[in-house]
Amino acid sequence: MDGFVALYIFMLAAFTGYEVISRVPVILHTPLMSGSNFVHGVVLVGGMIALGQAETPLEQAIGFVAVLLGAANAAGGYVVTERMLAMFKSKEKN
Amino acid sequence: MAIKWLIDASYFVAAVLFILGLKGMSSPVSARKGIIWAGVGMVLATVVTFLTPGMNNFALMVIAIAIGGALAWISGKKVAMTDMPQMVAIYNGMGGGAAAAIAAVEFARGEMHGTVVTLLATLGALIGAVSFSGSVVAWAKLQGVMKKAFRLPAQNAVNVVLALATLGLGAAIVIAPAIDPMLVGAFFILALVLGVIITLPIGGADMPVVISLFNAFTGLAVGFEGFVMGIPALIIAGIVVGAAGTLLTQLMAKAMNRPISNILFVPMAAAGGGE
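Protein chains in written order, with the numbering used here: chain A, 1 to 94; chain B, 1001 to 1275.
Honestly, the hints are just simulated from the structure, not real lab data. It is possible that some hints are incorrect.
Think about it this way: if two alpha-carbon atoms lie no more than 20 Å apart in a straight line, the pair counts; the simulated EDC-like pairs of lysine to aspartate or glutamate are [what the hints assert, rightly or not]:
#1 B:Lys1023 - A:Glu82
#2 B:Lys1078 - B:Asp1008
#3 B:Lys1004 - A:Asp2
#4 B:Lys1023 - A:Glu19
#5 B:Lys1033 - A:Asp2
#6 B:Lys1077 - A:Glu82
#7 B:Lys1148 - B:Asp1083
#8 B:Lys1254 - A:Glu82
#9 B:Lys1078 - A:Glu82
Okay, chain A solo, but in the shape it has when bound:
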C-alpha cells in the first residue's frame, strides 16, 4: 500500500473515531467500550489471511492461535455488548 495513502487513512480514521463518540453519555461508557472491543475483533480477518499464507508448522501453529484468539474477540465481544445493551433498553422502557 502506498505510504501516504495509508497515512491519510490513519489520520481520517483517528479523527472519525474521536468524533464519532465525542458526545457519549456516561451510562454508555461501558457498553461503548465493549462495542469498540467487538469492532477490533476484525483482527480475525487478519489472522485468517496470516494462517492462509502459513507454510511451516510453526507459522501454522501461530496462525491458528491468531485465528482462535481473533474469533474469541469477535464472538465474545458481540455477545457481551448485545447483553449489556439489551439490559440498557429494558431499563429505558421502565
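Given the coordinates of chain A, assemble chain B onto it according to the supplied hints.
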C-alpha cells in the same frame, strides 16, 4: 479479478458498518441497532475472507474459528451481569494477542517489505502483546483469581527500564538486516512481561479505565497489523477504535475524577494506604 473486487467491496462495506455501528452505540436511542450493524459488518468481512485467492489451511481456519468463537460465545452468554467488565477485558486481551500473533507469523515468514512495514509490525506486536498480558491480569484481578495488588519496590523505575528494554529490542528488530528468531522471541517475552508488570499494581476500582486503555491499545495494534497485511478494513476499524478508545479512557477517568497518569503511575505515597 471479480472475486478480488467482491472482497474489497465487502471490506469497504464492513468498514462503513463498523463506523455507523460505533456512532449508533454512542446514543441511547440507537445503541442496540449499532451493535447489530457492526455485527453484520463482522460476519460479512469474515465470510468473504474465505474467498481470498491463494490461501491454504482452510481446515485449521474453520477449527480455530469454531473453537474460539464457540467458547467465547458460550462464556459470554453464561457470565453474570456483574462479571461483564472482566469478560470485556479477556476478549480484548485475546484481540491484542491475535494482533501480536499475526505479527509473529509475519516475522516467521521473514518477508517484511521495507523498514516502515517492519516498524509497524513491531509496534503492533509490542502494543498487542502488552494489551494481551495486561488484560489477562486485569481479568484475573476482577475475577478474584488474583486477590492482592502486587507492587514491586521502585515500581515506576522498573516499568520505565522494562519499557525501554522492550523498545530497544524492538528497534534492534527493525534495524537488523534479517529477522533474527532469538531477538523476536526475547522481544515478545519482554513485551508480555511488561504488560503484566504495568497492570499488577493497579487496584480493582481503577480497572475499567485500564481495560478501556488496553482496548484502545488493541485497536492500534490491529490497525498497525492491518497496514502490514495490506487490509484497509483492519486499518480503519483498528485506528477508529484506537482513537475512540483513547477518548473514552479519558472520559471514564474524568468521570472518576482521576487523571490517567495517576492510575497508571500511582504515586508512592498513596501506595501504602490504597490496599
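Checklist entry - Within a Cα-Cα threshold of 20 Å, do B:Lys1254 and A:Glu82 meet the stated pairing? => result Status violated; Cα separation ~26 Å.
Checklist entry - Between B:Lys1004 and A:Asp2, does the CA-CA distance stay at or below 20 Å? => result OK: B:Lys1004 and A:Asp2 at ~19 Å, within 20 Å.
Checklist entry - Taken at face value, is the distance from the CA of A:Glu82 to the CA of B:Lys1077 at most 20 Å? => result Status holds; Cα separation ~10 Å.
Item to check | Proposed proximity, A:Asp2 with B:Lys1033 (alpha carbon, max 20 Å) | outcome: At roughly 35 Å apart (the allowed maximum being 20 Å), A:Asp2 and B:Lys1033 break the hint.
Checklist entry - Is the hinted pair B:Lys1023 and A:Glu19 satisfied, with a Cα-Cα distance of at most 20 Å? => result Between B:Lys1023 and A:Glu19 the Cα gap is close to 9 Å, so the pair holds against 20 Å.
Next on the checklist: Run the distance test for B:Lys1148 versus B:Asp1083: straight-line Cα separation, threshold 20 Å.
Outcome noted: Holds, at roughly 18 Å.
Item to check | Satisfaction of hint between B:Asp1008 and B:Lys1078, Cα-Cα up to 20 Å | outcome: Not OK: B:Lys1078 and B:Asp1008 at ~36 Å, beyond 20 Å, violated.
Item to check | Given pair status - A:Glu82, B:Lys1078, alpha carbons within 20 Å | outcome: Given that 20 Å is the threshold and the Cα spacing comes to 13 Å, the pair holds.
Checklist entry - For the pair supplied as a hint, B:Lys1023 and A:Glu82, is the alpha-carbon distance within the 20 Å limit? => result holds (15 Å)
Violated hints, in rising order: 2, 5, 8; the structure is consistent with all others.
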